[in-house]
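Here's the letter readout for the chains.
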Amino acid sequence: MGGKIRVATTSLAGCFGCHMSFLDIDERMIELAQLVEFDRSPFTDIEHCGPCDIGLIEGGVCNSENVHTLREFRKNCKTLVAVGACAINGGLPALRNFIPLEECLAEAYLDGIGVENPQIPSDVELPLLLDKVHPIHEIVKIDYFLPGCPPSADVFWKFLTDLIAGREPQLPYELVRYD
Amino acid sequence: MQDFIASVVAGHGYQPTRLMMILRAIQEQYLHIPDAAIAQVARLLAISLTQVIGVVEFYHFFHRTPRGRYDVLISDSITDRMLGKQELMAYFSEKLGVAVGGVRVDGRVSLDNTSCTGLCDQGPAGLVNGLPLTRLDQARVDAICEAINAGKAVNEWPSEWFAVADNLLKPGLLLNAPISGGAAIQAAYHRGLPETLAEVDQSGLRGRGGAGFKTAMKWRFCSEEPETERYVVCNADEGEPGTFKDRVLLNSYAHQVFEGMTVAAAIIGAKRGLVYLRGEYLFLHQKLLDMLAQRRQSHLLGNNILGLGQDFDIEICLGAGAYICGEESALIESLEGRMGIPRNRPPYPVSSGYLGKPTVVNNVETFLAAAAIAVKGGDWFAGHGTDKSKGSKILSICGDCQRPGIYEYPFGTTIQTILDDCGADDVLGVQIGGPSGTFISNQELNRKLAFEDLATGGSFIVFNNQRDIFKIVQNFSHFFAHESCGFCTPCRVGTALLKKQVDKIFDGHGSAGDVVALEEICQLVKSYSHCGLGQTAANPVLSTLQRYPELYQEKLKKISYEPGFDLDGALETARRMAHRNDAAAHLAQIGEDHD
Chain H
1 MGGKIRVATT SLAGCFGCHM SFLDIDERMI ELAQLVEFDR SPFTDIEHCG
51 PCDIGLIEGG VCNSENVHTL REFRKNCKTL VAVGACAING GLPALRNFIP
101 LEECLAEAYL DGIGVENPQI PSDVELPLLL DKVHPIHEIV KIDYFLPGCP
151 PSADVFWKFL TDLIAGREPQ LPYELVRYD
Chain R
180 MQDFIASVVA GHGYQPTRLM MILRAIQEQY LHIPDAAIAQ VARLLAISLT
230 QVIGVVEFYH FFHRTPRGRY DVLISDSITD RMLGKQELMA YFSEKLGVAV
280 GGVRVDGRVS LDNTSCTGLC DQGPAGLVNG LPLTRLDQAR VDAICEAINA
330 GKAVNEWPSE WFAVADNLLK PGLLLNAPIS GGAAIQAAYH RGLPETLAEV
380 DQSGLRGRGG AGFKTAMKWR FCSEEPETER YVVCNADEGE PGTFKDRVLL
430 NSYAHQVFEG MTVAAAIIGA KRGLVYLRGE YLFLHQKLLD MLAQRRQSHL
480 LGNNILGLGQ DFDIEICLGA GAYICGEESA LIESLEGRMG IPRNRPPYPV
530 SSGYLGKPTV VNNVETFLAA AAIAVKGGDW FAGHGTDKSK GSKILSICGD
580 CQRPGIYEYP FGTTIQTILD DCGADDVLGV QIGGPSGTFI SNQELNRKLA
630 FEDLATGGSF IVFNNQRDIF KIVQNFSHFF AHESCGFCTP CRVGTALLKK
680 QVDKIFDGHG SAGDVVALEE ICQLVKSYSH CGLGQTAANP VLSTLQRYPE
730 LYQEKLKKIS YEPGFDLDGA LETARRMAHR NDAAAHLAQI GEDHD
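As you go down the protein sequences, you meet chains H and R in turn. Mapped onto my numbering, the consecutive letters of the first sequence carry residue numbers 1 to 179. Mapped onto my numbering, the consecutive letters of the second sequence carry residue numbers 180 to 774.
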């Protein structure tokens, strides 16, 4: 790999908590910045992902836009990583999987308390919801999984430094225990 | 309702161990277990509300919302499917006007699938209000629907609808020469109990449930425990799909089974015995109770048996539709009135079993053999079979053969011999030991029935060359996911992932890495599960993947990845509700993301 490693990140059906945790690497960010360059990411505001070495995906897949974004990442990133509980299992947003989508939408836009001018939003600009929230590995092939809600800053650090150094990433037990 | 429940609970002596039987009575009376009943039962038995709720929700035959007055369950075993179960189920559902899994609006009838009912030699089979329906076909379904719609009580239905045949086609060492009542007890005492244990040891008898632990060793361990309150338990929870030999043994050889339990009790010093009869065999319950009464009359049970000084009696507990209860520690939990969740072992039941007391749990067939050994001696039994597998094995043969039924063979018999006897030619493979056992292909028919080669608890399912291996594996994978007790994550989640991944590949959504991913799940479920269910749940995939790797590869698309579900279909609800059908309202199944 010549030059800096290119990294892209995004949050699909997530809360950006994983991104916040990533930022918790604190001053190590300066060291990281020597090694990597960010492509599409909330850090850069680049809208579309170009060819990258590593893609970090937070959140699960809840709508059609998530599918397109995820596919864009898969197409451009050599290594694609599921970051955090939602990307890996669907997480909190997947709690709606136990309720039919029809009921969810009706509650939010038609029958819910305080709803005025009840109607289901309809515009070609709006992504449509999938009937279930899916973990990202059910949509595209994923190379690595970083567990945690969120994964700690040390997990990001260990994983990225391993990968950048060309080592097979290893997460010691202390980094993936949660009690 | 309060009075009814009070009298049921009183009838069972306020014993929490009788919870299963109490709930069975309530379910039968009210077609479900109402919340008020749960509360009352918990109060009367002085057990926690959560224990009762847990048990109600755990077992397939208990419900918290009412089933129909006619509750029809159809066996979803692979053998029933091979006999046209799916078409029949669709016909039943349409004819009755009730969805599978549902209750008809008028509350009269409910219809659902159930795991193997142990009637594989006379399927497609099912249960109505717990009683077996055999050899179902369209004409029979028509007649049943008519009876249901006419409101005819089940006990007035023609008896031939419930006829269960033994199909005892090849009796051998044990089944050819049943012992006479009391002979084993007499012989055991005459010879001396330690000497009789030595004969059982000499016979080389190993557990017939499949695992093959040495029977004499189990009995000795139990008898050497310092605690003197000990129990004998007969495992008649024959749930492995394709197995039905215990059904026949309990129907036609129950005396000898009870006799084996009595001899075991004498040797280990137990005063009480329990038979855990699978709920699907409800139709045998009364017959077995009558037989026990008869044995008490003949002084073969009760106090001072045959004047020999032994006190021993047997009671029967019914299961309620849970495969896992065939695992001995889960069975004991169930006998104690709890969810059938396997215990940590050790301690093993021989030191801490029923009620924490030393307990011998043996299969129906083991007791049958032990009784014969008590009469005829260890050498007689050890003279048959192979070095490591003595005696004979009783098989339940079903699937693609002309003569399904019960066959008994000395260990060491080749699979080919068995196939010739039951009239199976054009064989693709044989599932030996049920879904948790092994699939062998037609290249391995010279292998032998033996613990050291092909062990089985009795299940022997033949498949012909027209059968699709994937349908078999899919059925078995769904079975395990359905029957996982949910206690440990590797099995609860693992069997669900296995089912999902198998469906993905077999339904044609598989891509490059999917077979590797399937193997990874298999290894995980196999290595990390708490008990035998999870440890064997991947066997159908592993044994077919090993034999037919090319069939699996052929199922995969030549792309790096495809979702396992219909992506565009998943937008349908949202599309409909938003009244959209523009290009952006659709998704391609395969993205441009792959190479």
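The reader is advised that the hints may include incorrect statements.
[Claimed, not checked] Below 30 Å or equal to it, Euclidean Cα-Cα: the simulated DSSO-like pairs (lysine-lysine) are:
| no. | chain 1 | residue 1 | chain 2 | residue 2 |
| --- | --- | --- | --- | --- |
| 1 | R | Lys736 | H | Lys75 |
| 2 | R | Lys679 | R | Lys349 |
| 3 | H | Lys132 | R | Lys679 |
| 4 | R | Lys679 | R | Lys734 |
| 5 | R | Lys393 | H | Lys141 |
Treat the hints as calculated values from the structure; they're not laboratory data. On a predicted model such as this, the values are computed, not experimentally measured, just so you know.
Original post:
When you check the alpha-carbon spacing of R:Lys679 and R:Lys734, does it fall within 30 Å?
Top reply: This hinted pair holds, its Cα atoms lying about 15 Å apart.
**OP:** Assess, step by step, whether the Cα of H:Lys132 is no farther than 30 Å from the Cα of R:Lys679, and give holds or violated.
**Re:** holds (15 Å)
Original post:
Do the alpha carbons of R:Lys393 and H:Lys141 lie within 30 Å of each other, as the hint requires?
Top reply: Answer violated: R:Lys393 to H:Lys141 is near 49 Å, above 30 Å.
Original post:
Taken at face value, is the distance from the CA of R:Lys349 to the CA of R:Lys679 at most 30 Å?
Top reply: It is violated: about 41 Å lies between the C-alpha atoms, which goes past 30 Å.
Original post:
Can the restraint linking R:Lys736 and H:Lys75 be considered satisfied, given a maximum Cα separation of 30 Å?
Top reply: holds (18 Å)
Checked against the numbered hints listed earlier, the structure breaks hints 2 and 5; every other hint is satisfied.
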